[in-house]
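Engineer: Sequence:
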Amino acid sequence: MTKPSVSDFQGCSWKGIDLSRFVTDWKDSRQSGLAVHRYFGRDGGEIERIARKAHEAKVTLAFAGPSWRKDWLPIAASIDEDPAGLLVHPAYGQMQAVCQGFDAASMNIETASNLYIVPLSFVEDSIDTRLAATDRSAAAARATIEATGNAILQRTSRQSPAFASITRLLAITRLAATASTQEYLSAGRYLGNACLCDRGVVAGGG
Numbered sequence: 001m002t003k004p005s006v007s008d009f010q011g012c013s014w015k016g017i018d019l020s021r022f023v024t025d026w027k028d029s030r031q032s033g034l035a036v037h038r039y040f041g042r043d044g045g046e047i048e049r050i051a052r053k054a055h056e057a058k059v060t061l062a063f064a065g066p067s068w069r070k071d072w073l074p075i076a077a078s079i080d081e082d083p084a085g086l087l088v089h090p091a092y093g094q095m096q097a098v099c100q101g102f103d104a105a106s107m108n109i110e111t112a113s114n115l116y117i118v119p120l121s122f123v124e125d126s127i128d129t130r131l132a133a134t135d136r137s138a139a140a141a142r143a144t145i146e147a148t149g150n151a152i153l154q155r156t157s158r159q160s161p162a163f164a165s166i167t168r169l170l171a172i173t174r175l176a177a178t179a180s181t182q183e184y185l186s187a188g189r190y191l192g193n194a195c196l197c198d199r200g201v202v203a204g205g206g
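For the sequence shown, position 148 matches number 148 in the numbering used here, and the numbering has no gaps at all.
In case anyone wonders, no lab produced these hints; they're calculated from the structure. Each hint should be verified, as a subset may be incorrect.
[Claimed, not checked] In silico DSS-like pairs for lysine-lysine, Cα to Cα no more than 30 Å straight-line:
no., residue 1, residue 2
1, 58, 27
2, 27, 15
3, 53, 70
4, 70, 15
5, 15, 58
6, 27, 70
7, 53, 15
8, 58, 70
[What the hints assert, rightly or not] Computed spacing ranges between beta-carbons, pair by pair:
no., residue 1, residue 2, range
9, 103, 42, 22 to 28 Å
10, 42, 127, 17 to 23 Å
11, 35, 111, 43 to 49 Å
Since we're looking at a predicted model, the values are computed, not measured. All residues carry an ideal CB built from backbone N, CA and C; glycine is no exception.
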């Protein structure tokens with residue numbers, strides 16, 4: 001994948017097909033569904049929030065050069081085969097979505113031959129999903145686990161081996177209540193190995 005010029009770019013792919021090198025821009029719509037209640041003889045109205053509408057994303061792809069058709073057709077064929085799948089959004093990461101296809105894909109032969117512009121439309125295909133307020137990417141999760149683990153190891157280094165092991169196991173249990181499955185497993189391996197080292201089970205601490 002070509003190194004992106006956008007900071008914190010989450011990548012862009014559709015059902016495992018990398019779109020990152022073709023993306024030129026994207027637009028998003030993420031709005032609340034509202035019911036407006038009006039009353040006879042009363043100015044204004046009352047707003048009732050129903051729920052959030054499905055997230056809509058419009059991603060513009062540009063296929064340039066002699067291989068423009070070769071690059072584009074596998075994507076088009078995948079959409080025709082099954083428009084539903086996993087979308088990796090440049091800003092929001094993974095989401096289940098349905099591709100509505102494209103409208104007004106174009107090539108201007110006079111000004112830019114061999115440049116095919118395709119605006120693809122995606123609609124979220126899941127319910128009861130919300131954005132996290134913090135970055136839960138793998139890198140961020142790993143950094144959090146390592147920082148937490150190092151702090152626990154340092155704090156327990158002055159304790160007896162048995163008491164230190166208990167303290168670390170309790171920390172893993174507390175983490176399980178708030179972390180994702182992958183974060184929990186990573187923390188378990190990280191701190192669990194330290195507990196085993198105290199008992200002489202893991203050679204070299206790894």
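Engineer: Hint by hint, note whether the structure agrees.
Structural biologist: Checked hints:
1. 58 <-> 27: holds, 5 Å
2. 27 <-> 15: Judged against 30 Å, a Cα distance of about 20 Å means the pair holds.
3. 53 <-> 70: violated, 36 Å
4. 70 <-> 15: Given pair residue 70, residue 15 holds - Cα atoms ~18 Å apart, limit 30 Å.
5. 15 <-> 58: holds, 16 Å
6. 27 <-> 70: This hinted pair holds, its Cα atoms lying about 26 Å apart.
7. 53 <-> 15: It holds: about 23 Å lies between the C-alpha atoms, which stays within 30 Å.
8. 58 <-> 70: Holds. Residue 58 to residue 70 sits at ~22 Å (cutoff 30 Å).
9. 103 <-> 42: 22 to 28 Å: violated, 41 Å
10. 42 <-> 127: 17 to 23 Å: At roughly 34 Å between Cβ atoms, residue 127 and residue 42 fall outside 17 to 23 Å, so the hint is violated.
11. 35 <-> 111: 43 to 49 Å: holds, 47 Å
Hint violations for this structure: numbers 3, 9 and 10, all remaining hints satisfied.
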